[in-house]
Structures are given as structure tokens and as C-alpha cells.
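Q: Residue-level listing of the chains:
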Amino acid sequence: MSLTTQVSPAPVAVGEERPAPPRRRERRPFSIGRVLGWVVLIVSLVLTLFPFYWMLKTALTPAADVIRNSSAFFPDNPTIINFARVLGFLSPDEDRAAGGSGASINFLLYLWNSVVYCGLIGFFQTLFCAMGGYAFARLKFPARNALFSVLIAALMVPGIFTLLPNFVLVRDLGLLDNLLGMVAPSLLMTPFAIFFMRQFFLNIPVDVEEAALLDGAGKARVFWRIALPMSKGPLITIGLITVVWAWKDFLWPLLIGRDESVRTVTVGLGVYLQQSPNTQPDWTGLMAGSTLSVIPVLILLVFLGRRIVESLNFTGIK
Amino acid sequence: MSAPSVSAGRRRLAPSAPRRRRDDRRVALLFIAPVLIGFAVFYLYPTIRGLWWSFTDYSLLGEPEFIGLQNYAEVVQDGEFWNSMGVTLYYVVFNVVSQTALALLLAALMHRLTRSVVLRTTLLIPWLVPNVTVGLIWLWLLDTNLGFVNHLITGMGFDAVGFFTNPALGIPTISLVNTWAFTGYTALLFYAGMLQIPNDIYESASLDGANEWRLFTRITLPLLRPIMALVLVVSLIGSFQIFDTVAVTTRGGPVNATRVIYYFIYQHAFNYFNMGYAAAMAIVLVVILGALTAIQLRLLRASESQLA
Numbered sequence: 001m002s003l004t005t006q007v008s009p010a011p012v013a014v015g016e017e018r019p020a021p022p023r024r025r026e027r028r029p030f031s032i033g034r035v036l037g038w039v040v041l042i043v044s045l046v047l048t049l050f051p052f053y054w055m056l057k058t059a060l061t062p063a064a065d066v067i068r069n070s071s072a073f074f075p076d077n078p079t080i081i082n083f084a085r086v087l088g089f090l091s092p093d094e095d096r097a098a099g100g101s102g103a104s105i106n107f108l109l110y111l112w113n114s115v116v117y118c119g120l121i122g123f124f125q126t127l128f129c130a131m132g133g134y135a136f137a138r139l140k141f142p143a144r145n146a147l148f149s150v151l152i153a154a155l156m157v158p159g160i161f162t163l164l165p166n167f168v169l170v171r172d173l174g175l176l177d178n179l180l181g182m183v184a185p186s187l188l189m190t191p192f193a194i195f196f197m198r199q200f201f202l203n204i205p206v207d208v209e210e211a212a213l214l215d216g217a218g219k220a221r222v223f224w225r226i227a228l229p230m231s232k233g234p235l236i237t238i239g240l241i242t243v244v245w246a247w248k249d250f251l252w253p254l255l256i257g258r259d260e261s262v263r264t265v266t267v268g269l270g271v272y273l274q275q276s277p278n279t280q281p282d283w284t285g286l287m288a289g290s291t292l293s294v295i296p297v298l299i300l301l302v303f304l305g306r307r308i309v310e311s312l313n314f315t316g317i318k
Numbered sequence: 001m002s003a004p005s006v007s008a009g010r011r012r013l014a015p016s017a018p019r020r021r022r023d024d025r026r027v028a029l030l031f032i033a034p035v036l037i038g039f040a041v042f043y044l045y046p047t048i049r050g051l052w053w054s055f056t057d058y059s060l061l062g063e064p065e066f067i068g069l070q071n072y073a074e075v076v077q078d079g080e081f082w083n084s085m086g087v088t089l090y091y092v093v094f095n096v097v098s099q100t101a102l103a104l105l106l107a108a109l110m111h112r113l114t115r116s117v118v119l120r121t122t123l124l125i126p127w128l129v130p131n132v133t134v135g136l137i138w139l140w141l142l143d144t145n146l147g148f149v150n151h152l153i154t155g156m157g158f159d160a161v162g163f164f165t166n167p168a169l170g171i172p173t174i175s176l177v178n179t180w181a182f183t184g185y186t187a188l189l190f191y192a193g194m195l196q197i198p199n200d201i202y203e204s205a206s207l208d209g210a211n212e213w214r215l216f217t218r219i220t221l222p223l224l225r226p227i228m229a230l231v232l233v234v235s236l237i238g239s240f241q242i243f244d245t246v247a248v249t250t251r252g253g254p255v256n257a258t259r260v261i262y263y264f265i266y267q268h269a270f271n272y273f274n275m276g277y278a279a280a281m282a283i284v285l286v287v288i289l290g291a292l293t294a295i296q297l298r299l300l301r302a303s304e305s306q307l308a
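Order-wise, the sequence lines are chains Z and P.
Reminder that position 84 of the first sequence reads as 84 in full-length UniProt numbering, one-by-one numbering, no gaps.
Reminder that position 61 of the second sequence reads as 61 in full-length UniProt numbering, one-by-one numbering, no gaps.
Be aware that one or more of the hints could be misleading.
Mimicking SDA-like on lysine to any residue, the simulated pairs with C-alpha atoms at most 20 Å apart in a straight line are [stated by the list, open to error]:
| no. | chain 1 | residue 1 | chain 2 | residue 2 |
| --- | --- | --- | --- | --- |
| 1 | Z | K140 | Z | N203 |
| 2 | Z | K140 | P | P34 |
| 3 | Z | K140 | P | L29 |
| 4 | Z | K140 | P | L36 |
| 5 | Z | K57 | P | P34 |
| 6 | Z | K57 | P | T122 |
| 7 | Z | K57 | P | T217 |
| 8 | Z | K232 | Z | R306 |
| 9 | Z | K57 | P | T144 |
| 10 | Z | K57 | P | F148 |
| 11 | Z | K140 | P | A33 |
| 12 | Z | K140 | P | L141 |
| 13 | Z | K232 | Z | D207 |
| 14 | Z | K57 | Z | V40 |
I should point out that these hints are in silico values taken from the structure, not numbers from a laboratory.
Please model the entire structure based on the sequences and the hints provided.
A: Structural data, given as C-alpha cells:
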């Protein structure tokens, strides 16, 4: 039995998503294969979401209840005290009373640090890589292709190799526990972003830019006034990817920004886990912190989900 | 920013228009300057410096002291290094195979059953979440005493399983945790590739009586090969660099059963202060990864030519 014996009314355009896919109402024959397929999809949805539910449920459970009855499907006495204590709203004594270790923990600050960290990297890297990508795609200058190949070769170098000397460089510059030291290596470029932007500019038609050039505009003006505004989509896309990666960063900010004042969310979670006793981790606090690291991602997804999903089509194939 | 002055400069050059069209080196220099500085300072310089360190004894505190090839000689004979590489390879194979197979299944199902954006977006969530968070959530779900999964297992009458504390289970557990985290992302890459395959091929094939399995093996898989190769290269290199999940869940233990290469290099650099030795190991890793990538890229090219 085939899943699509019926010919769809209009063949779906290849490689492009429609804003609102028409709901295809034609009747399809019932088949065991189809049902099994849907079962697999639904099971994967549940497996995807359940760990997040468990995280949230634990975060909303009083610490004592988690030890008493950790398999309960719903919190018996839901509470937001775990959020209050990881956000640093409680005094050490109140924290200990609520099941914490009394150690200093301030996710409000870590969230802010993460937002600044991601914002700086996302904005500047996107801007500089758009400029660079445009130059490599459109401007003529000596050794252009050789230079581009060298930049792209950096894609092959595993992160840990440049990480060690970069750590020493940032340390020698006195920028440990400093936001500037944390963002420095990603602020100006990544090979991937350059590659992505160049590819994009190569693929848009040159007509508009040429018309502007004939009108006497300089190349720089053409970039700022025409090419850049035309590229809002890809700019947002690469900016989003950069922000997501920066949000997930752990090893680098851990090395450079261990101090509480510049700690990002991921580093905060890592340090919090280390401070928590190995035999009896502070699960409710850890899950409250984890929830806080997920919420911004969900907000991003609600507003820009389609764009994120579509960016994968682009990065995956081009 | 610098745009106005640049365009002013351009205007002054206006009379020599033909020359301007041949070469834009002034504007180009301004445009690529930030990128070049970033590259020189944070990619090129550290690469040269790391190379130099690999020939030295360097403790992070003193000055690097040249010792020739001694680090490399030690790396090659270092049983712990090769053990680490073995652990990493075990993880890579386990993770890439499970992740690719599952992602292919999900992508094919989505492709043939639904175009729901909600479904695709939901499957992507684990990838958007920091690996540290993923590690923490699963550390909790798989906890030996209080974890949800062990409640299920003991509820069925079995003994609780030490997913992260049993040396034999460490790498499979971490592989599956990261499969959970990355399958949705990989599936979307495959799905995007499948959208490129013209629908009429499927339609005419099914009119000819081909069933879904035949459609998948005879149309989807062969036409997906270039993207498959690309995804495999990316996942392979990516999995070799596993660090966060290990750092959160097992910290290389128990008894080094999950001490992957990134973690081992990290320990040598920042716990034992053997920066020279760590740099030498990193270079051996670069060489191994380079060789693997070259092999894969050759396969990629082969599959592209077959498609054409």
C-alpha cells in the first residue's frame, strides 16, 4: 500500500516552504504503515518533550518532596521557591531551609550575562561577517580567493586546538573574568559565518547593485544602502544561529569567566552542580536553573521558530 | 560608521572610473579588516603558538622550554591517550550511527506524512538547549536512586541501573543522551534534503505500484546521498569534539571509562598544567580529524558524481 496513491492537487514547490501549507483534505486509504508512522512520530514527540516536563515538574517541587516521592507525576505542593532561590532572592538561611546549600547563586545575574554575551557576539559577528562576506563575494582585490581559502581552512581546526593558546592570550592581556575577554574570539568572525554570508551574496542577483553603481554610487554605499537591507533574512538567520551557539557555549566561558560577576547561565549551572554535594545533588535547584536556561530558547522559538527551522534548509544544503 | 568617508574617497577617484571597476582594494580592505584581524589574532596566531608549544615543555606559568619531539614521542606511547582516543571513537560510532538512523527515519516519516511546522519546531528544541542543560536533565532522569527511568525499571521488578556510574554503560548512555539532543536537528537537515527531491518521481513510482519501502530505498536514499555525506562529515567532526555532556555527567569517570579526548586534553592543560603535552595531543587530533575528513570528502565527491 502506498501512502500517497492520490495525486496531490498541486505539486508542492520544491525546496520552498509555503507560509501556510494548504491542508490537503483528499482521502487517503487507511493503512497499517501510515498508522505505525504516526505512532513513531508521536512517540518521538513525547520522548522529546517528556524530559522537559520532568525538569519543570522537579523545579516546581519542594526539595523535601523530591526525596520523599520522586516518582510523582505531578508536584503535590507546587512551589516557586526553587526559582526564587536560584535567582538569588533568598538569604543563605532561607536557601538552606528550602533545600539549598546556602552557596551564592544568582541566575538573574547569569541570565543577564548570557544575554549580553550572546547579544554582543550575535550583533558584531553578523555585521563584520556580512561585510567580509560581501567583500569576498562582490569586491575585486588581489589574492581574494587565496585569502578566502585560508579563512575557510580554519573550519577544519578543532576548537580545542586554538582554545589553549587563546586562553593564554586572554590571560596575558589581563582579560580573565572580563566580558571583553569572553567575547573577543567570536566577536569579529567565525569561518562559518564568513562562508555563509559570502555564499548568500553570491546567490543574489547583481542587477540592482549594478544599477546603483551605474548611478555613481560607491561600492561601500551600495553595500550599506542596497545589499545589506536586501539581506535582512539571511542576516537574521545567521545572527540567530550565532546567538544559539553562543547561548550553548560552555567550555570557553568556563575557562575565561568563572567569576560570578561575568558567569553565563551554562557556567552557572556547571559551577552550581560542582558546589552541590555529589551524594545528594540539589535537584530542585538544578532543575529550576535548567528551566531558566531553556525559557529564552523557547521564547526565541515562539517568535522566530519558522525562521530557525528554515535556516536549517539553507545551512544544510548550500 | 566609516561609510561616509569611504564614499567621499570614492567620489574623488571618480574620474579614473575604469581603474575603479577593475579593483576595489580600498573598500575591500575596510570591509575585510575586522575579519582579518579576528582571523589573525584568534585563529592564525594561536595555531602557530600551539604548534610551537607542542615542541616545548610549558606549564602555563613559566616560559615554554624547547624539548624537540619529546611530547610527540610520549603521546604515541601514552596508553592513556590511546585509551582516550578509543573511548572517543566508541562514542563517535555509537552516537553517529544511532543519531543518523533515527534522524533518517523521522525525516522520511515527516516527508511522507506531514508538513507540520509545529512538529518540526518541537523536534528541534533539544538541539537549541545548551548541552550542559541536556546533561543535567538526563543526569537527573537517569539518577540511580531517584531518577524517573530507574523508577520505571525498579517498578518492573529489575534492579536499578547505574547509567552514569557503571563503566560499561557510561559511553552508551552519553551517546544516547546526545542522540536525544541532536536527532531532531539532523532529521531536519535530511528533511530539507528530501524536499529537494521532485514530488512527481514519487508519484509516478507509486502509480507503478512501488510501496513505501521501495520508494524510500530506491528514490529517497540514493537522491539523498550528497546531503547524507555532508551530514555525516559534520556529525563525525562534531561528535569527536564531545566535551560538555561528559563534563557535566561523568567528568571522565568511572575509572576513565568516559574520558573522551577533549576532556583528556582539557585535564592535561588546565588540571596538570602540561600545556606543551596538551598541544601535541591536540595536533595529533587535528591530523586524525583531517585524515577522516579527507576520506569522507572523497566519498562525498564520489556520490555527487554518481548522482549527476
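Q: Does each hint fit the structure? Answer for all of them.
A: Against the structure, the hints:
no.	hint	in the structure
1	Z:K140 / Z:N203	17 Å, holds
2	Z:K140 / P:P34	18 Å, holds
3	Z:K140 / P:L29	10 Å, holds
4	Z:K140 / P:L36	16 Å, holds
5	Z:K57 / P:P34	46 Å, violated
6	Z:K57 / P:T122	19 Å, holds
7	Z:K57 / P:T217	42 Å, violated
8	Z:K232 / Z:R306	15 Å, holds
9	Z:K57 / P:T144	19 Å, holds
10	Z:K57 / P:F148	12 Å, holds
11	Z:K140 / P:A33	15 Å, holds
12	Z:K140 / P:L141	56 Å, violated
13	Z:K232 / Z:D207	18 Å, holds
14	Z:K57 / Z:V40	25 Å, violated
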